[in-house]
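If you read the protein sequences in the order shown, they are chains A and B. Heads up: the first sequence begins at 1438 in this note's numbering, then just goes up one per residue. Heads up: the second sequence begins at 1438 in this note's numbering, then just goes up one per residue.
It cannot be assumed that every hint is accurate.
Copies of the same chain are indistinguishable here, so a pair counts whether it falls within one copy or spans any two.
What the hints assert, rightly or not - Okay, derived cross-link-like pairs now, DSS-like style, lysine-lysine, Cα gap no bigger than 27 angstroms in a straight line:
no., residue 1, residue 2
1, Lys1798, Lys1460
2, Lys1461, Lys1798
3, Lys1606, Lys1785
4, Lys1606, Lys1803
5, Lys1832, Lys1803
6, Lys1525, Lys1785
7, Lys1798, Lys1832
8, Lys1461, Lys1606
9, Lys1460, Lys1832
10, Lys1461, Lys1832
In case anyone wonders, no lab produced these hints; they're calculated from the structure.
2 protein chains.
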Amino acid sequence: MSQNCSITSPKGFRAAGVSAGLKKTGAPDLALVVSDTPAVTAGVYTRNVVKGHSLVRTIEALQRTETVHGVLINSGNANACVGAIGQKDAEEAARAVSDLLHCHPDQVLTCSTGVIGQRLNMEAILSGIPVAFHSLSHEVAAGHLAMQAMMTTDLVPKESFARISIGDKTVSMAGMAKGSGMIHPNLGTMISIITTDAAISRDFLQQMLSRVSAKTFNRVSVDGDTSVCDTLLILANGMSDSAEILPGSNEADLFEDALLLVCLDLARMMAKDGEGATKLVEVEVSGARTPEDAYRIVLSVCRSPLCKTAIFGEDANWGRILTAAGYSGASFHPEEVDILIGGLPVCKNGCALPFDEAAAKRILQKDEVLISIRLREGECFDRMWTCDFSYDYVKINGSYRS
Amino acid sequence: MSQNCSITSPKGFRAAGVSAGLKKTGAPDLALVVSDTPAVTAGVYTRNVVKGHSLVRTIEALQRTETVHGVLINSGNANACVGAIGQKDAEEAARAVSDLLHCHPDQVLTCSTGVIGQRLNMEAILSGIPVAFHSLSHEVAAGHLAMQAMMTTDLVPKESFARISIGDKTVSMAGMAKGSGMIHPNLGTMISIITTDAAISRDFLQQMLSRVSAKTFNRVSVDGDTSVCDTLLILANGMSDSAEILPGSNEADLFEDALLLVCLDLARMMAKDGEGATKLVEVEVSGARTPEDAYRIVLSVCRSPLCKTAIFGEDANWGRILTAAGYSGASFHPEEVDILIGGLPVCKNGCALPFDEAAAKRILQKDEVLISIRLREGECFDRMWTCDFSYDYVKINGSYRS
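One chain only, chain A, in its complex shape:
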């Protein structure tokens, strides 16, 4: 992602990120993203039966409205598990924004991320909102500030951008995402906002978003934990003046490819910035009998603390990979499994292969490691991203709340 693009790059989007005082550190903690004209909006949310109050309100608001004007995001507090007051607080925050935007409160969505079980500091939120509103800007830097204000344990901002041509018009799409712990299908403690100036119907946008998120955000696991606030939203305001993107058209394919690119980019950045991570790990399975078997295996390997600590230790311990595949619930013949690490064959037909340990070490010392598991059961393929498991994961999570 170029530093020259951000969530404000598509036409008609403004953003702001300010310090409202929700984070003890004084870092930016309140972000506002606004579309100049109402935007059709699609979303994908956590499947956790426990849901944060800001998220529940967003889901309900989107059932009542076709279009959205703004999204308010706070970090430092998840606004979850505090009882009925939690949803009232989210409603009050949305109303404060809608008063400034002169729109219906339902046209303002709310996202919260941070610690669970503590009431939002509403004084901070309500005094931060006008500051954010007056800081709203079309500048690229304003989008970067909004990104900063979403971050919790993230070490790096995660932004991505794509551009396609529709007729003689240029359609842009930009995304930002936060999340580095509690990340796991289906969605993590993740908030991602995507803006586009494309013209598209809400239903079609929702279909695409669901398809694309299944292949991207729902294929990232940092620690197997799924949070209660996970939210992926896309706002399309049509301000590129391009023709509407219709199902079955070439333009639809182009647009979906761009969405896939942006989501894949953000999802990989999340895995790479996993709490304590030193490496991005991609696990791919081919030759599975069913899509479910392929998914079970990538999930099991990505979730295995033993595989993840071995990669942290730069140890080509493929036995742990085969073991994790073995207990995944997938059905396969162990004696017909090949495993490659960074392209280096380490296991053939379920047996140890003699391999150059020095070459394996060089592969594992890289920032990105590809693990390939090849079965001979069928034609199905899947892949997933995770990160290694380090001392710092324990450090970060042994002391997050206090």
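Since chain A is already given, all that's left is putting chain B on it; use the hints.
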């Protein structure tokens, strides 16, 4: 477990533990347990589709024989994923023992634990077997030595003992277990051998073992990884001279209670000795709608790295516990969940409770921590044991193989 009891305490069992040279450190690595008369034997094994060669051979041998004379256990090498030679090696080792015991090779079972994908050092095994055979002894200390020879990353030996009266006879039961990483239902990288001088049929023994292991060994999770070698065996040689234990009798209840006690004891010791563990954590769920829901929740909490690192950090972060319950797949109403940590209510009706953080800290500083999750969906209960997730887990597993 008293230092005065070991696997040799039941009548007619001898044991040995010697250093055959399989471990680089020179620590004991070859154990032999022998019953003076053939013992009826039941077993429970890993459900991993990848199985170690010594284990596959044991399962096959038990299909051909009714009784067992001895069990050979090596640490330092799992004898797994090395191809057809692996099972031949296990057969050769068993034959070397059966030659000395003057029995059929099938009456000698084989268990291996350690690194995956490297061929067993058969020279070491075959020269170690006669040494172990000549060291066999009924002494308690010989049982302790066998325990030592099974250990891999275990820090402490795990032995347990129980005694019941059947008529005017005393029936004894002793167990030993190894395993501290790659432990997870269904069974971990665990080997456990239980001896008893009870008289009992094989079928009835198997039924009891399956029931008891479901409540004990299959309710322990250290890291969510299930190994390829996990084996739980019980040998009953009848040498107490008591009457046969028959289904439906009071004696059967007594015996099953004793077996539960021994297995529970060993399972809790395994969780407490989990790799890098500083605490034993018991998670119990009550009021679930179905047994499956109760199990899903205890499993999800016991598996959550975020819950386990919070406990390591002695942080009463119940939000992570509720979150893990929420993504477990169990169906429940979050607004009707209470959570207690060490008896201290921290969450009521899904909401934060004000609680004394100092009191919570005192509870979490203890060696054993009980997490209680109370639903109001039904009457079902389950519990499971795990440990916290520490820097040392990462250290141990980032450098195990090399």
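Tested hints:
For the identical chains of this complex, Lys1798 and Lys1460 are inter-copy neighbours only, at 23 angstroms across copies versus 41 angstroms inside a copy, given an alpha-carbon limit of 27 angstroms. Taking the shortest Cα distances, Lys1461 and Lys1798 sit within 27 angstroms of each other only across copies (22 angstroms), while inside one copy they are farther apart (41 angstroms). Proximity of Lys1606 to Lys1785 under the C-alpha cut-off of 27 angstroms is found in neither arrangement, the shortest distances being 52 angstroms within a copy and 56 angstroms between copies. In this homomeric assembly, Lys1606 and Lys1803 never come within 27 angstroms of each other (Cα to Cα): the closest approach is 41 angstroms inside a single copy and 66 angstroms across copies.
Taking the closest pair of Cα atoms, Lys1832 and Lys1803 come within 27 angstroms of each other both inside a single copy (23 angstroms) and across two copies (20 angstroms). Proximity of Lys1525 and Lys1785 under a CA criterion of 27 angstroms is satisfied inter-copy only: 19 angstroms between copies versus 59 angstroms inside one chain copy. For the homomeric pair Lys1798 and Lys1832, the shortest alpha-carbon distances inside one copy (26 angstroms) and between copies (18 angstroms) are both at most 27 angstroms. Taking CA atoms no more than 27 angstroms apart as the test, Lys1461 paired with Lys1606 passes in neither setting, with 45 angstroms inside one copy and 69 angstroms between copies.
Taking CA atoms no more than 27 angstroms apart as the test, Lys1460 paired with Lys1832 passes inside one copy only; the shortest distance there is 19 angstroms, against 32 angstroms between copies. Only within a single protomer do Lys1461 and Lys1832 lie at most 27 angstroms apart by alpha-carbon distance; the minimum there is 19 angstroms, versus 32 angstroms between protomers.
Against the hints set out earlier in the document, violations occur for numbers 3, 4, 8.
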